[in-house]
Each structure stands twice: as C-alpha cells, then as structure tokens.
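Peer 1: Construct all of the structure, not just a fragment, from the sequences and the given hints.
As given, the protein sequences belong to chains A and B, one line each in that order.
For the working numbering, count along the first sequence from 1 and bump the result up by 60.
For the working numbering, count along the second sequence from 1 and bump the result up by 68.
Treat the hints with care, since some could be wrong.
[Stated by the list, open to error] Simulated pairs of lysine-lysine, DSS-like, Cα-Cα distance not exceeding 30 angstroms:
id	chain 1	residue 1	chain 2	residue 2
1	A	Lys69	B	Lys110
2	B	Lys90	A	Lys117
3	B	Lys110	A	Lys130
4	B	Lys126	B	Lys139
5	A	Lys131	A	Lys69
6	B	Lys105	A	Lys117
7	A	Lys74	B	Lys110
8	A	Lys117	B	Lys139
9	A	Lys117	B	Lys136
10	A	Lys117	A	Lys74
11	B	Lys105	A	Lys131
12	B	Lys110	B	Lys90
13	B	Lys136	B	Lys105
14	B	Lys125	B	Lys105
15	B	Lys110	A	Lys131
16	B	Lys90	B	Lys105
17	A	Lys69	B	Lys105
What the hints contain is simulated information worked out from the structure, not anything from laboratory work.
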Amino acid sequence: NAGVTQTPKFRVLKTGQSMTLLCAQDMNHEYMYWYRQDPGMGLRLIHYSVGEGTTAKGEVPDGYNVSRLKKQNFLLGLESAAPSQTSVYFCASSRQGTLNTGELFFGEGSRLTVL
Amino acid sequence: GENVEQHPSTLSVQEGDSAVIKCTYSDSASNYFPWYKQELGKGPQLIIDIRSNVGEKKDQRIAVTLNKTAKHFSLHITETQPEDSAVYFCAASYNNDMRFGAGTRLTVKP
Numbered sequence: 061n062a063g064v065t066q067t068p069k070f071r072v073l074k075t076g077q078s079m080t081l082l083c084a085q086d087m088n089h090e091y092m093y094w095y096r097q098d099p100g101m102g103l104r105l106i107h108y109s110v111g112e113g114t115t116a117k118g119e120v121p122d123g124y125n126v127s128r129l130k131k132q133n134f135l136l137g138l139e140s141a142a143p144s145q146t147s148v149y150f151c152a153s154s155r156q157g158t159l160n161t162g163e164l165f166f167g168e169g170s171r172l173t174v175l
Numbered sequence: 069g070e071n072v073e074q075h076p077s078t079l080s081v082q083e084g085d086s087a088v089i090k091c092t093y094s095d096s097a098s099n100y101f102p103w104y105k106q107e108l109g110k111g112p113q114l115i116i117d118i119r120s121n122v123g124e125k126k127d128q129r130i131a132v133t134l135n136k137t138a139k140h141f142s143l144h145i146t147e148t149q150p151e152d153s154a155v156y157f158c159a160a161s162y163n164n165d166m167r168f169g170a171g172t173r174l175t176v177k178p
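Peer 2: Next comes the structure, spelled out in structure tokens:
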C-alpha cells in the first residue's frame, strides 16, 4: 500500500517552461489537494478536488492549473514557470473533506526550482 | 479568510522536558484543529486533532487544548524524546480550506 505518491521528486526548470506534477493515491479517497511549502510560511493550499472531474481554487491558485480526470490521480500544472514558484509541493488526499474533519495523508513532496 | 499564527518558530528542550506550541486563529467559524508533524524529507503526518466542541484531548504524551473564546489552541508534549525532533504545524479548518500555521521546529537535545 503506497499511500500518496508524487512524481517527480525533484525538478529544475527555466523561467517560462511548463511542467506537470503527478499525484497518485491508492486509498480510494474522494478528496485531493495540492499545497506548496515555503520557509516561514507553512503550507498553503493551491487547488483541491472534492471528487473525480471536479476542482476548486485554494488560497494561492494563480499560475497553476489542475485536473482530476481519474479518482486516483490529481495533476498540478505550471504553464509558464516563474522563480516565485520555486517551492516544495505536497499532494494530499483525504477520505472526507477537511470541513468534515478529514485527516490529510501527504506525499513526500516534490522540490521544484525555477531559474 | 482564516489566518493561523503559530509560536514559537523554533523551540529547543532537553530530553525529558515538556514542550508547548501555541496557535491562534481568526475565523470563529473554524471547527477542526489538527496538528501535523513533519520529519526531515517527509510529508506532514497527523499526530492529534481536536474539534470545537471539545476543550482538551490527550494521546499518551501528547495533548491539545482549545479555547474557543480566545481563539487559541496549544500542543503539549511531555517527557520529550529525541525522536520528537521535527517541525510541527497547527491548522484550522473552515469550508474545505485548511489553513496552516508557519510551523515550529522542535529540537530535543539528548
């Protein structure tokens, strides 16, 4: 049972390049989330999904897009990377939404550097 | 929107001592307050949580207290051990948008 798996774990991009981070969960969870973690700022929610085919904006959605075509996968895309998007990205999933006190299960993170 | 403030940002204690981390939140509608522990190179992991209808919750050496009137909650770790060294995050949940504090780096010295 792998839990939440993120790929890639490390990536270096040049400004203006695009990329996609993939998150996969094998716990049959309805809810999935993408967070970014920056020093001194904790975890900030980028986008989330309450089920297959749905997405919603979080606290810091600008510059990112997401898709949830399959229940087990949640993709985070950067269309034109900027240095301000240098961060560690965490995917998480939960059986219930955080409104209903759902525990978040996190992946191990993806470190992205934009030069 | 919700704003969660966490203090201190770093905390160093001797093994066996207690550690206390405090958080305040701004939105009185928040009703779920989890604490996550993040070890180096790993994703955060839930260690304890509390709901707004409860004032205190304990799980072995870990306890969380909640004061809804003052809008603050705290994590208490007793008899600290070196393996408690990690970054701890508090959070407040409102409407599927869980807001996290900035984190506290706890170091337990043997």
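Peer 1: Which constraints among the numbered hints does this structure fail? Numbers only, ascending.
Peer 2: none
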